[in-house]
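K.L.:
Combine both chains into one complex, guided by the hints.
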Amino acid sequence: MIPAKTKPISKETQSKLKKVGEYLETSPRLKDQQGQLMGALHYVQTLFGYLPQEAMEYISEKLSIPTAHIYGMATFYNYFSLQPKAKYQIYLCKGTACYVAGGARIQERLKEELKIGLGETTPDGMFGWNITRCLGCCGLSPVMQVNEDIYVRMVPEKIPAILEKYRRQDKKAAKVKEAGIGAFDHPGK
Amino acid sequence: MDKKIVLLKDTSIGAADKTKEYYSLILNLLRDQNLQDSVQVVRVADIGFYDQGLVLKILPGQVTYGRVQESDLLPVITETIQGNKVLDRLALEPNEKQLRIVLRNCGQIDPENFDDYIAADGYAALKKVITEYKPEQVIEQLKASGLRGRGGAGYPTWMKWNFARQVKAEQKYIVCNGDEGDPGAYMDRSVLEGDPHSVIEGMMIGAYAIGASQGYFYIRAEYPLAVERIQKAIAQAYEYGLLGKNILGTDFSFDVEIRLGAGAFVCGEETALLASIEGKRGTPQPRPPYPSIKGLWGKPTVINNVETLANIPVILLKGGAWFGKIGTEKSKGTKVFALTGKIKNSGLIEVPMGTTIRDIVYHIGGGMLASKGIKAVQTGGPSGGVIPKEFLDEPVDYENLQKLGSIMGSGGMIVMDEDDCLVDIAKFYLKFCVEESCGKCAPCRIGGFQMLSLLENITSGKGTASDLAKMRRIALAMQKASLCGLGQTASNPVLSTLKYFAAEYKSHIEDKKCVAGKCRYLLNYQIIPEKCKKCGLCLTNCVFGAITGNREQGYILDPAKCTKCGRCYEVCKFKAINKG
Ligand SMILES: Cc1cc2nc3c(=O)[nH]c(=O)nc-3n(C[C@H](O)[C@H](O)[C@H](O)COP(=O)(O)O)c2cc1C
Ligand code: SF4
Ligand code: SF4
Ligand code: FES
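For the protein sequence lines, the chains are A and B, in the order given. 90 is the number that this note's numbering gives to position 90 of the first sequence; each next residue is one higher, with no gaps. Add 1000 to the 1-based position in the second sequence for this note's numbering, that's all there is to it.
Pulled out of the complex, with its shape left as it was, chain B reads as follows (with noise of 0.2 angstroms):
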C-alpha cells in the first residue's frame, strides 16, 4: 500500500479560505512530479486544529503540518510524501486533553473512499453483530457501555432500543435524526460529511437489533455535502453487499434511503421529524405512544441522532465495558462540542465526559480571546443556559450541566466575555425559539410572544419592576403546559440568566443601563471635544442628520436626533466617540 492521502484544511482566523486556491496548487504540483495517481487530496471539514493557518495532514503515518505557505509545498511532495520525511518546523503537536471516538475517523481517512473506511476497522463491528451476536447481546453491550442519546435529552439507547426491540410488527425502522437544530452546532455535520459509513454502519448494528429492515436518514437540505457523502457511502454500501438482501449470507437484510429537512427547527423534535418523513407539516404528536411503540407509519421506529449513532461501532468493537470506563459515573464515553465565542481556538472539540469547563476553554480553547474576562458559558442551546465564571472547575457531564441549570443539549458551547450582556444573550434564544415554534399549542405561541416583547421592552429602557415576575410566570406556563420539548424548554435561557445575572437584568430597567454596550437602545454616544481632531469623519458617515458642525468650531451629536447606530463610533480613528 503505498497510495498517500493528504488532507486539506484553513484553520486561519480572519482570513479568506485559501483550501481552494492550494488545492490547486497541490494538485499542479503532484501532476509535476507524476504522484497524481499515488496520491490523493481531499478537503475535509474538520481537522482537529485551529487557527494554524494552512493545515495538512498526510497518511499513512499522521503527520500534520500547520501554517504551511505556498513555498512549503513543494518540500512536503518531495521530502515527506516521496521521501517520508517529517519537516520538523512545519509539524504540529497533537492536542492532549482531547479523546477522539466521534471524531475517531473524521478528518483521518477520506470520506469517500470505502477502502479507507475498511482500513480503520470499518464494518467490522457489522459483521461480529450480525454473525455472532444476538439482539439482545447487542442491546446487554449498549447497557454496559452506558451510552446515553446525544440529541439533547441523553436517554440511555439501550432502553429505546430495547423498548422497540420487545414490540411485536412485522415492519419496524431506524431513524438517524440529521437535522441539528442548535443554531450554534455543527458537529453532526462534521460526522456526516467526514466519516459517513460510520453512521451507517452504526445504524445498520441498530437496525439489527431492533429488528428493523428499513432505515432513514432525515438530513437538513442546507447541508449539501453531508447529503451527498451520505448517498455515496450507500452507494458504497450496497455495491459491496453491506445493504440489501441477506447481508454478509446472514438473514439479516436493510435498506437505507435519504429524506431531506426543509428548514425547520421543531422538525428536529423525533415525533415533528416522523411527520415530515410522511409527507406531512412537521408539527409535533402528544406523547405517549413513544415511537419506538408507534412511530412511522404506526410502525415501532427508534430514532437516534448522528453522534449516537456513531459511537455505537466503537462500542460494539471494543466492548460495552470499555466504553463504560470512559467519563463520569452517569454520563459514559466523549462528547463532541462546537467551541466558540471570545476564545482564541474555535472548532469541534472531543472531551471524554467530566472534564472541566477550564480545561476546555483554557487547554483546548486556548483562553480568552481578548484581554477581556471570561463572563459565563452557554451550553445546550436555545434549551439550555449560562454558566458563570464561578462554576468553571465543574466538570461536564448530563446532571452536572442540569444542576447548575444549563443542559448538555446537542453540544454548542459559547465562551462569553464582559462585553457580552446575558439579557441580550437570552433574548437571542428565546427569539429563536419564538421565531421556530410551530403554533400548534397556545403556552408555546402566545407565552414565547408574550415573554419576547417583555424582554424588548427591558432591552429598549421601556422595563418595569413587575416585569421579571411576569416573566418568571409565563415561563412557568410554557414550560408545564407546552406540547413538545421547544416550547417546555424555550424559556430555560431566560431563567438561567434571571437566575445568575439578576443583578443585569435589574440595571437594565431601573438603571435604564446595558452594562456590557450591547443593548443598542439604552447606550448614548457623545463626542469628546478633547479628543476630537476635528477630521469630519463622523459628520459624513451619520446619515440621521445627528451630528453638525465644521472643520473650524468642530462637531455636536444631536442625542435627539441619534438613532444610535454606532456608525461614528466605529469610523472615529480618535476614539473621541464615547458611548455608554
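In isolation and in its complexed conformation, chain A is listed as follows (with noise of 0.2 angstroms):
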C-alpha cells in the first residue's frame, strides 16, 4: 500500500518535481499519454532513485491516468522501485553461470551479514541488495556488483571485508566533508 502522505513536499522534492513537468512536456507523446508513462516512470526512476509518491501523483495528474494504474506498473517491472535506494547497492548475479559457480552461498552469506531481505536497505540507509540478471561476465562467475564495482570469482568469505571497505569508504567521505573539501559526494546513481 502507499502509505499515507505525512510530510509536506520539500523544496529539493519540488525542485525535480519542476524537472519532471518540464520532462512531460518536452517528451514526444507516444501515440497517446498512456505510452508516455514508461518514459516518464524511468526519467523519475534515474532523478530520484526511485519513485517517490509526490512524482506519482504528479504525473498521474499531467498526464490524466490514474494512480493506480501508475502504482500498478511501477510494481509490475523489478527495475522501478518504491523505496530510495540504499548508499552502496548491491546485486547479486542471479545468471546461470554464477549459479552453478555457487552463487546461491553468497546471497545466503550477505543476507546474513546484513541481515536484510531482497529489495530492503539497511536501518542506516548504507546497504541495499538486489539481484540482477547476467552481468555478462560469466566466465568470472559468481559476480557481485556494488554501485560501479564489480567483484569476480566471489567466495562467501570475502563478502565482510568487501562490507567494511565501503563502511570505512563512507566514514572517510563524511569526515572530508566536514573537513569543507566536499569532493567525495555519493548522488546515487
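The set of hints was computed from the structure by calculation and includes no laboratory data. Here the structure is a predicted model, which is why all the values come from computation and not from measurement. Hints may be right or wrong, so weigh each one.
Stated by the list, open to error - Here are some chain B residues pointing at chain A (derived, C-beta under 8 angstroms): (1) Asp1017; (2) Ala1045; (3) Pro1183; (4) Arg1189; (5) Glu1222; (6) Gly1282; (7) Gly1341; (8) Ser1346; (9) Gly1347; (10) Asp1420.
No residue lacks a Cβ here, since even glycine has one placed at the ideal position from N, Cα and C.
P.N.:
What follows is the structure, given as C-alpha cells:
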C-alpha cells in the first residue's frame, strides 16, 4: 500500500518535480498519454533513484492517468523501486553461470551479514541488496556488483571485508566533507 | 588513412578487471609520444579471445596481442603502432572453428565511430535495397537465405515479414527485441554495444520490406551502455540522412525511437513487449491475432530479435544464396552462444549451425576446467533442456536440439561436470520462471508453484515416490494450457532432466542422497579425526554452535545442531571435514 502522506513536500522534491514537468512537456507523446508513461517513470527513477509517491501523483495529474494504473506499473516492473536506494546498492547476479558456480551461497552469506531481505535497505541507509540478471562476465562467476564496482570469482568469505571497505570509505568521505573539501559526494545513481 | 585504433579488453579469469587502468596507461603513453590525435583507444565488450589476460587489437592491420603487461605497452606503441611491426611474442592466433557473421564487427570497429561502420561496408546493403530492390525482392533474398529468428522460436524471418507486408494498413511498425531474457545469455547486449549500426541497418531493411515508417528499439534498462550506443548511432544516422524523410533521395522514410524495458522477463514475449511499449503492464495476450497482423496500437508489427537483425545486412549484401550455403539443411547461417560453466574459455562464440557440441566444448571452449568429467550441456535457458554427454557428437541446429529434448533458445550454453546436480539445475530454472511468471493464467502461476514445491521437497529429503509422476502431470497441464511461451516451456528443464537423469532424482528421493554434493539439506558434515590437526578453525567459524571441543581433545560436530552451511568444510585447511 502507498503510505499516507505525512511530510510536506520538500524544496528539493519540488524542484525535481518541476524537472519532471518539463520532461513531460518536451518528451514526444507516444501515440497517447499512456504511451508516455513508461518513459516518464524511467525519468523519475533516474532523477530520484526511486519512485516517490509525490512524483507518481504528479504524473497522474499531468497525464490524466489514474494513480492505480501508475502504481500497478511501478510494482510490475522490477526495475522501478518504491523505496529510496541505499548508498551502496549491492547486486548479486542470478544468471545461470553464477548459480552453477555457487551464487546461492553468496546470497545466503550476504543476507546473514546485512540482516535484511531482498530489495530492502539497512536501517542506516548504507546497504541494500538485490538480484540482477547476467552481467555478462559469466567466465568470472559468481559475480557481485556494488554500485559501479564489480567483484568476480566471489566466495562467501570475502563478503565481510568488502562491506567493511565501503563502511570505511563512507566514514572517510564524511570526514572530508566535514573538513569542507566536499569532493566525495555520493549523488546516488 | 593513417588513423589507428586500439581495442582493449581484459580477458583474465579470476582477477580484477584491469581495463580501466590500462586505458589510462595507454592514453598517457600516447600523449607522451604526441600520438593522441592519430590513435584512438576503445574499450570493448568482447574481443573474441578468452583467458588471454589483457588483449589488445590494433586496427587496421588486425594484429591481436594477448597477455599484455604494463612493460609491453611502450614497445607496442613504438614498434607496432608507429613502425607497423608485429611483435611475435605477444601475437595471438585467431580461432578457426568459429565463423563471425553476427559478430563480424564486434571488437573490430569502434562502435561509436560512424566512419568505421561505413568502412566496414556499413549501410551498403540498405542503399542497395532501397535503390535497387522491390520489397518482394528483399523477401525473396531472405527466403533463399533460410534465416530463422534467433530470439528463441526459430520462426522463418521471411514468412513473418511477408505476412506483415501483405496486410494493407497506412501505418506499420517494426520493433527490435533487445530485452534479452535468458539469465545466461548476453549476445544481444554485445551486438548492441559492439555494432549498433548493423542492428539499425537490419531494422531499416525490414521496415522497407514490410512498409513500416516507424521503428522501436525495446532495450533492457539494465543495459545502459547498449542504450547509449544505440542512441548515439541513431543520432549519427539522422545526421547523415540515413534516417528521417526520403532516405538517400528515395521515397523511403523511416524514424526510430528507443523504449526502455524495466526488468520483467515476460516482456521479452512479443505481445507483452508491445503492451509495455504502449505503457501497460507487460502481460501477454492470446495469439492470434499475431502482431504481424495486429500489433502495436492495433497496427501490423514485426518483432525481431537483435541477432536476427544483425544478420540482415550481410545477407542482402552477399545474397541469400550465399547465406543458405552455411549451416545444415533446415538451420542456416551461424549462431552465437554464451558459452559458460565448467569450461576453460568462457565467452561469446559464433559457430556455423551444425557444429558439434564436442567441437564447441573441446576446441573452442578449450575443454573442461577441472579434471572432473563432463556430465551434460544445457541449452535454451529456462525454456530449454539438458543434453547428456552421450550426445556430444550431435550437431547443433534447431531440429536436432529439439529432437534431443532441448531447444536452441537465445543461445545460453552451460557446460556441467560431475559436481553439478541436475535436479538442482532444474530447480534453478523453474524457480526463475515461477518468479518471472506474470500471473495472468492459472496453469503457469499455480502449476509452476506446485512443481517448484515438489522439487524443493525432493532436494531437501522430503520427496516421495509419487512426486515424479505428479510433476509429469503438472508439466503436461502447463504445456497445454498456458497462455504464453513462458508457461508452456517452463517445465522443459524438469522434463529433460527427468528423461536423462531419472536415476539422480531417484537417489534424492529414495536414498536421500545428492551424489554431486550440491543439495545442501541432503549433505552430512563430519570431522575425520585422523586428518584433524586440532587447529580449531572450524569451531570459530561455526556460528551455529554445532562444533564443540578444544585443542587438546579435538573437536566434535553435532549433526543435530548443524545447519549444513558448509563454512567449516571451506575453512578447514587440512580437508579434515567430510561432506557427503
Ligand atoms: C517468456 C518469453 C521471453 C522471451 N524473451 C525474448 C527475448 O528476451 N529476446 C528475444 O529476442 N525474444 C524473446 N522471446 C521471443 C519473442 O516472443 C519473439 O518470438 C522474438 O523476439 C521474435 O524475434 P525473431 O523472430 O527474430 O526471433 C521470448 C518469448 C517468451 C515466450
Ligand atoms: S503463461 Fe505465465 S507468464 Fe505467460 S501469460 Fe500465463 S501466467 Fe503470464
Ligand atoms: S556445516 Fe556449518 S553449521 Fe554445520 S558444523 Fe559446519 S559450520 Fe557448523
Ligand atoms: S551468469 Fe552471472 S555474469 Fe553471467
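K.L.:
Could you check the structure against the hints above and give me the numbers of any it violates, in ascending order?
P.N.:
none
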